[in-house]
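S.K.: Put chain B on the given structure of chain A with help from the hints.
Number of protein chains: 2
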Amino acid sequence: MLDCFFNPRSVALVGASLNPEKLSSIIFQRLKAGFPGRLYPVNPAHAEIGGLKCYSSLPDIGEEVDLAVFALGAAHVPALLREAVGVVSCAVVVSGGFAEAGPGGAALEEELKEIVRSGGPRIIGPNCLGIYDTLSGLDTYFIPPERMERPARGRLSILSQSGSFAVTVMDELAAEEIGVARVVSYGNKADVNECDLLEFLSADEETGAVVMYLESVDEGRRFVDAARRCSSKKPVAALKVGHTEAAATAARSHTGALAGRYEVYRAAFRKAGVMELRGYEDFLVACKVLAGVEPAAGGRVMIITDGGGMGVTIADECVDLGLDVPPLSDETAAELRAVLPPVCSIANPMDLTGSVTDRHFSEALARTLEGDDFDLAIVASLWGPPGLTERLAEMIAAKKGITGKPVIVCTPGGRYTRERAVLFRSRGLPVFFSPGEAARAASLLCGAGTRE
Amino acid sequence: MLDCFFNPRSVALVGASLNPEKLSSIIFQRLKAGFPGRLYPVNPAHAEIGGLKCYSSLPDIGEEVDLAVFALGAAHVPALLREAVGVVSCAVVVSGGFAEAGPGGAALEEELKEIVRSGGPRIIGPNCLGIYDTLSGLDTYFIPPERMERPARGRLSILSQSGSFAVTVMDELAAEEIGVARVVSYGNKADVNECDLLEFLSADEETGAVVMYLESVDEGRRFVDAARRCSSKKPVAALKVGHTEAAATAARSHTGALAGRYEVYRAAFRKAGVMELRGYEDFLVACKVLAGVEPAAGGRVMIITDGGGMGVTIADECVDLGLDVPPLSDETAAELRAVLPPVCSIANPMDLTGSVTDRHFSEALARTLEGDDFDLAIVASLWGPPGLTERLAEMIAAKKGITGKPVIVCTPGGRYTRERAVLFRSRGLPVFFSPGEAARAASLLCGAGTRE
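Quick note, the sequences are listed as chains A and B, same order.
Quick note on numbering: the first sequence equals residues 1 to 452 in the working numbering.
Quick note on numbering: the second sequence equals residues 453 to 904 in the working numbering.
It is possible that some hints are incorrect.
Here are some, though not all, of the chain A residues that point toward chain B, as calculated from beta-carbon distances under 8 Å [what the hints assert, rightly or not]:
{"#": "1", "residue": "96"}
{"#": "2", "residue": "165"}
{"#": "3", "residue": "171"}
{"#": "4", "residue": "174"}
{"#": "5", "residue": "316"}
{"#": "6", "residue": "319"}
{"#": "7", "residue": "417"}
Just so you know, the hints here were simulated from the structure itself, not pulled from any lab data.
All values derive from a computational prediction rather than experimental measurement.
Every residue gets a Cβ at the ideal spot worked out from N, C-alpha and C, and that includes glycine.
Chain A on its own, in the form it takes in the complex (with noise of 0.2 Å):
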């Protein structure tokens, strides 16, 4: 059960402290600005940090506490944790210097599973960040906000072996308007691993995604059983980064992982229904598309443009990733020179051509996702025609309304239409700059890799 770190009445951060050298000190103003549950600074230095009371021990606070934060010295924390047993339910240890920091770490690390085994708290870490819950209001992450953005609430989680990789992703959420329900950055995992945190997640009625960064990992078996379950009732999708060897030397050092045979993660994600990530700019799609737009019934996709080279574009990359872009059936040909200038290319991907105005985006929207040829759409928009203007958004945004389909913007450009970006996202619509990412996004509402 891990419900005492993602819905703690109480924390306690050990190694509490307002200097602001120190990593703690931003855990504390995290906790202190956004945990509306009780919260413990632990320091024998202090009497009183930040206007509360300061406890020298975890024991000292004299009551039971859900969930304690260690941010201090690794050497430290395996003393204290032995204090914290009957004291606390579970541990977020953020210190580095454990097993990704040689032998000596490695046996501070023993230790630590060590008294987890002997019915001690808890443990997620050592060497991570911890968790960012938009639920339960804990923030355990040391990047001080101005440098890295928290997401609002939304209902995407996030698993991550790596703490930078999951700050980063998250900056760029926030960045982005797209809102998470919970990061884990679980780092050497002594304890909690994927598989904890993925059963979790499976019955977290507040996760409506699971997308995962991986390194390792430990138990196979478990993982794709926790990841089947998981996936049939909720998106599913991971990045298992050392796919080559030059990487997974590399991932070794970074969180003592052996990482394994990358066949064997991609027969075990197919196998579990998890969609298959292939890198950073691929996991951001997945965070960015899979918790807040509806799966796609089919593969067939309707693409429609204001320019006619990003409409090609953008087909040779759907294509490429193995979805279909049939040709517009004769009645619907009919219907739209009907309603549509001659001067544009009625045929699949569409091109509305410099002279388009909002009406004709909703109008071939409308008329070619209504009946069942297409499953979806991509709606790429580039903003220099002169009869494009700030309707545009809510205009496909009610036509997608009516058709009940996914519809993805695709939106290239500089800093105007960067700046236009949030009139689609405030519809609901997700937004991609590129022609690689929209088809990428199209792929997996598809749930692509995972049907056969």
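M.R.: Quick look at chain B alone, frame taken from chain A:
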């Protein structure tokens, strides 16, 4: 000889207007603001436009004109072009409604060809945006600047059959402060085609690299010859769209071009030393890196990061692209151990961890690049660690300067990170926001696919 297109002393705008509904109004404003030579508006409906005398026809100007821009209905173009024989040396026909618009338009386009054959002016277009040239000051792109920013002067030249593609790329490059020399959208190529343009750019001393978007190539053998000559002097990269059937069909209706089999293009690129680009993102990467960064002497990449997971991901991407990520020599590793904290992972990829400082990055870069073990480096700085400051960019640029080898910056993240990118750019370091793009930039600097 295409000099009249790229170094005109005088320009006439046929169809000149101040009516904001007319595309020619934007062209007029752009020419008036940026073109330093003589400018002649031509429109029988006006005596004066924007303070300039307006002529009723091209012959009415009464002297020879280097370049005429035609921006009016397709049906009017052939007659006006006939009048121009002996008056103008060359013409950019931005008007659409020719071969791409069906049989009637195709007949008009045949008339244009006939005029060229019988000694009329050379033509770029029709159905194009024409020329944006930071050397001559010419800008025939009819997209208002608030919707499409114009890049500053640089050494990159771009050829694009698609106008919207050229516009979007220019807008993105401007937002990332990448300069260009000349950008030509040449559309239906009734006369001037990719071979003519490539021959011009090959000899053009202002052009340091050429990146092309192709839907079709008309003269295969001539293209290979021209491309080979050009690539022997400067990097040449090409994206051939329509490599899938759906996309090829769309390309046909877009610019009336017969696309041809993709494998033929691929073989031609290889033969001509042209780097093959695989999509829009790839096109942008090529634009960002080829004109501004010296080529690498080989494909041995050193990867230095403060986020272990990011290093692993970049290593995967590099190896997938055929680059080599060799281990550190024992000597280099020993040297680095003496100057870096024990928590660092001294390997390739190198993980400087969240304890990183500016100096760690600069030490790691200097000591790995200075010997003969590596040809270039990817520096992947994540801005979370508090020890990184604004000075990082200048320290990296300084070490790069000493070793003389290419250094690519990879800095994924949100708002804070994007703002900091200017620190690197202003010191001549190319910046990418994802591991995939950074690795691809490295592979292009190694002449991806052209060395066999």
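S.K.: Next step is simple, just say for each hint if it's right about the structure.
M.R.: Results for each hint:
no., hint, result
1, 96, "holds (7 Å)"
2, 165, "holds (4 Å)"
3, 171, "holds (4 Å)"
4, 174, "holds (6 Å)"
5, 316, "holds (4 Å)"
6, 319, "holds (4 Å)"
7, 417, "holds (7 Å)"
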